[in-house]
Every structure is written in C-alpha cells, then in structure tokens.
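Trainee: Generate the whole structure from the sequences, applying the supplied hints.
Keeping their order, the protein sequence lines are chains A and B. Final position of the first sequence in the working numbering is 217; the numbers increase by one with none missing. Final position of the second sequence in the working numbering is 217; the numbers increase by one with none missing.
Keep in mind that the hints were calculated from the coordinates and are not lab data. Heads up, the beta-carbon is just placed ideally off N, CA and C, and yes, glycines get one too. Just so you know, not all the hints are guaranteed correct.
To be verified - Quick list of simulated restraints, FRET-style, between CB atoms:
1. Asp163/A - Arg49/B: 25 to 31 Å
2. Arg181/A - Thr80/B: 38 to 44 Å
3. Ala47/A - Gly162/B: 28 to 34 Å
Here is how the chains run, residue by residue.
There are 2 protein chains.
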Amino acid sequence: MKLYSYFRSSASYRVRIALNLKNLPYDYVPVHLLRDGGEQFHEAYRKLNPDAIVPTLVDNGDVLQQSLAIIEYLDETHPLPPLLPASPSDRAYVRAVALQIACDIHPLNNLRVLKYLKKELGVSDEAKNAWYRHWIEAGFAALETHLARNARTGALCFGDTPTLADVCLVPQVFNAQRFEIDVSVYPTIQRIYTCASQIDAFARAAPGVQPDAE
Amino acid sequence: MKLYSYFRSSASYRVRIALNLKNLPYDYVPVHLLRDGGEQFHEAYRKLNPDAIVPTLVDNGDVLQQSLAIIEYLDETHPLPPLLPASPSDRAYVRAVALQIACDIHPLNNLRVLKYLKKELGVSDEAKNAWYRHWIEAGFAALETHLARNARTGALCFGDTPTLADVCLVPQVFNAQRFEIDVSVYPTIQRIYTCASQIDAFARAAPGVQPDAE
Numbered sequence: 004m005k006l007y008s009y010f011r012s013s014a015s016y017r018v019r020i021a022l023n024l025k026n027l028p029y030d031y032v033p034v035h036l037l038r039d040g041g042e043q044f045h046e047a048y049r050k051l052n053p054d055a056i057v058p059t060l061v062d063n064g065d066v067l068q069q070s071l072a073i074i075e076y077l078d079e080t081h082p083l084p085p086l087l088p089a090s091p092s093d094r095a096y097v098r099a100v101a102l103q104i105a106c107d108i109h110p111l112n113n114l115r116v117l118k119y120l121k122k123e124l125g126v127s128d129e130a131k132n133a134w135y136r137h138w139i140e141a142g143f144a145a146l147e148t149h150l151a152r153n154a155r156t157g158a159l160c161f162g163d164t165p166t167l168a169d170v171c172l173v174p175q176v177f178n179a180q181r182f183e184i185d186v187s188v189y190p191t192i193q194r195i196y197t198c199a200s201q202i203d204a205f206a207r208a209a210p211g212v213q214p215d216a217e
Numbered sequence: 004m005k006l007y008s009y010f011r012s013s014a015s016y017r018v019r020i021a022l023n024l025k026n027l028p029y030d031y032v033p034v035h036l037l038r039d040g041g042e043q044f045h046e047a048y049r050k051l052n053p054d055a056i057v058p059t060l061v062d063n064g065d066v067l068q069q070s071l072a073i074i075e076y077l078d079e080t081h082p083l084p085p086l087l088p089a090s091p092s093d094r095a096y097v098r099a100v101a102l103q104i105a106c107d108i109h110p111l112n113n114l115r116v117l118k119y120l121k122k123e124l125g126v127s128d129e130a131k132n133a134w135y136r137h138w139i140e141a142g143f144a145a146l147e148t149h150l151a152r153n154a155r156t157g158a159l160c161f162g163d164t165p166t167l168a169d170v171c172l173v174p175q176v177f178n179a180q181r182f183e184i185d186v187s188v189y190p191t192i193q194r195i196y197t198c199a200s201q202i203d204a205f206a207r208a209a210p211g212v213q214p215d216a217e
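Mentor: Take a look at the structure:
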C-alpha cells in the first residue's frame, strides 16, 4: 500500500493511525501542501486525486480518497482489530463522533479555507485565528457534552479500545493545541486524547515523527 | 421512527431520501432553524442533540445524529434495498463521493458559517455569495472529474440504482440551484441529478413538499 500524505494534514494523520492499528505496512509518499504552490495541485497528483487534497491510498491498483472512506475500507478488508463496534446502534454512535469532527469542525479550518479568508476576504491574522478557535471551541463544547454524558465512553471514546472516533479525535486535538486552544476546558476530550496518544499506533502516526516532518 | 428535520437542511434532506428508499415510514418533527433565534438552540432540542443541528433520528429510544451515520445505520438495520455496493472497493468509492460533498462542500456553506461571515467578519452579501459559489464550484469541478472518468458511473453515481452518493448529490445540487449556480457546466452531475430527482423516493424528500415548507 502507498499513502500520499502530508505530515500535518489531520485527514492523513487519521489514515496513518488506522493503518498502524491494523498493523499494515505502507510506503509513505510525501505531498507538500505548501511547497511549489502546493504539490497537491500538480498535474501528476491531480490525476490521482482530482480533489487536490491528501490523503490518497493506493491499494492493489485501487485509488482511494477521503479519509473516512479509506478507513471504512481498511476495516472491511482487514477486519481485525475492528475500528467499529458490533451493533448498528453503537456503530452509528462511533460514526457520529467521527463525523462531528470530520464534517462540523475540520473542514472549516482547512488550509484552503484559511487561505481564502486571508486572500479573498482580506481578514486579518487575528480574525483568521479567532475563526479557527471559534469552530474548534463550538465543536469541542458539543463533543464534550456527547462524551461526558454517554455511558459508552470509557478510557477512550467507545470503551477502552480504539475506534474510528479516537482516530478522528486525536488529530483534531493535536490541531487545537497547535493553535494554543486550552483543551483542559474539555476534560473528557483531554483525558481521551492523553490516553489515546500514548498508544503505539497513535504515537507512530503523529506529525512530528513522519518522514516529511519539519 | 421520528425525524427532527428542517425542510431546507440538506443533511435532513439526505436522511429523508434514505428513509424513503428503504420504505420506512416516520414522523416528521419540524425544527425551524431561523424562527425564535433558531429552534435548534432551544433547551429541549439541545438535550436531544448537543450539536444544535438537524437532523436527529429517534429509533426505538436510540437518538442518532449526523446524517451519514444515520444513513449507514438505516442500511445496516434495513439492508434492502442496499445503499452501498457489495465490494469494499466499490463501497469506498461511493462513500468517497458522499464524503466529498459532506466534508468538502456542504460544511462551508452551512447556515451557521454564512452567519459568522456576515456577523463576525462583516463581509458583504456579495462576498458571502461569492464564498458560497466558490466552494460549490470547486467541489463540483472535482466531483465532475471523478464521475465523468469513472467506469462505475451509470444513470446514477454508481450504476443505475440509488446509493449513498446520490443521496448526498441531490440535496447539494438543489442548494446550488437555489444560489443560481449554473450546474450545466457539470454535465455528469446535472444528468445524474435530473435522473435521481425523478425517482419517487427522492421526489418525496424534496424541501418543497415537506410539512414545514414555506
């Protein structure tokens, strides 16, 4: 398997965690999102992924896009250990936590969105950072309520074994910390983050230890 | 089953299509996103859904959030007709199309985001509409490339029977048309939209025919 990834991309980070949890070795192909006008926009990469975003996973000639679709694929093709619980109701809960991060928080703070705010709308760095914090804080407040009140929550988002929910939560908290957001205001999120990021599969997926880390 | 929905919400629209495709009857509970400061922010609704967004589906006491998680749940609990193909590779493709819309286009044009642009960043109506169009046009251009070049594309996104991909595509095109975006520039998207929106399950889910339509 070949993973096109950027060390700081949280969508790439999610897939790296999933590959590690499944014990699947892969070749790391760095795509630098800032160098040369963004390598994701280069012809060769766009042929592979017309969305011009990372990650892309190539497996047996199959070209896969969208981090959550890739992770569900890995879970279907390599069922052990499972990244989703067994019952439809529990699966829906875990997927909802993942999607709350992947749809309601992360897309608003993507590099291309921050660029648009600055270049097209001419907002100040201060207003851009306030925007970034706003969507993380609104999203984390809701997520904290979900996690704190749900009997499914254990050491991790769903009991004590890693699921798709933790795979999305850890990169999002990592981003929040980069932007100096005080995560201790969300004690359940912080507790789960601390626990998950010590698991080897998560630690090996961290941005700082990737081949293209700066 | 009980669906908390707003007629114009595309995430609600997706779930309505899925429920109809599965032939599942449900009670429609309107949540008006603009009235009384937004009914989604009212205490009673927030208890059900701390994210303060629609839809929420209640099934046998289970409270389900996030449209894609709800639709996967419906597909697991009521497998016929399936909304995802059989092979992991095809499933990943269909999910990727759905997620490209649900993560890369729709979140940027949500009501709460447009409100923030206007209220917090003070952007003009013109700049707000340009933002709206920008993310749809960027997303549709990439999606058109995916659909036009992929051998899986038929009368619909995946062959000739409705999948999760069409369930996401139709509400997004509906939104684009509301904002007067010329969808004919994306011939495959337009062709699939025209075909899908004539299917009874899609037609009955359209905003204009919901109990809370204005």
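Trainee: It remains to establish, for every hint, whether it holds in the given structure.
Mentor: Taking the hints in turn, this is what the structure says about them:
1. For the pair Asp163/A and Arg49/B, the beta carbons lie near 29 Å from each other, so the given range of 25 to 31 Å is met.
2. Judged by the Cβ atoms, the range 38 to 44 Å given for Arg181/A and Thr80/B holds: they are separated by roughly 39 Å.
3. Checked against the hint of 28 to 34 Å, the pair Ala47/A and Gly162/B passes, with Cβ atoms roughly 30 Å apart.
Violated hints are absent here; each numbered hint is respected by the structure.
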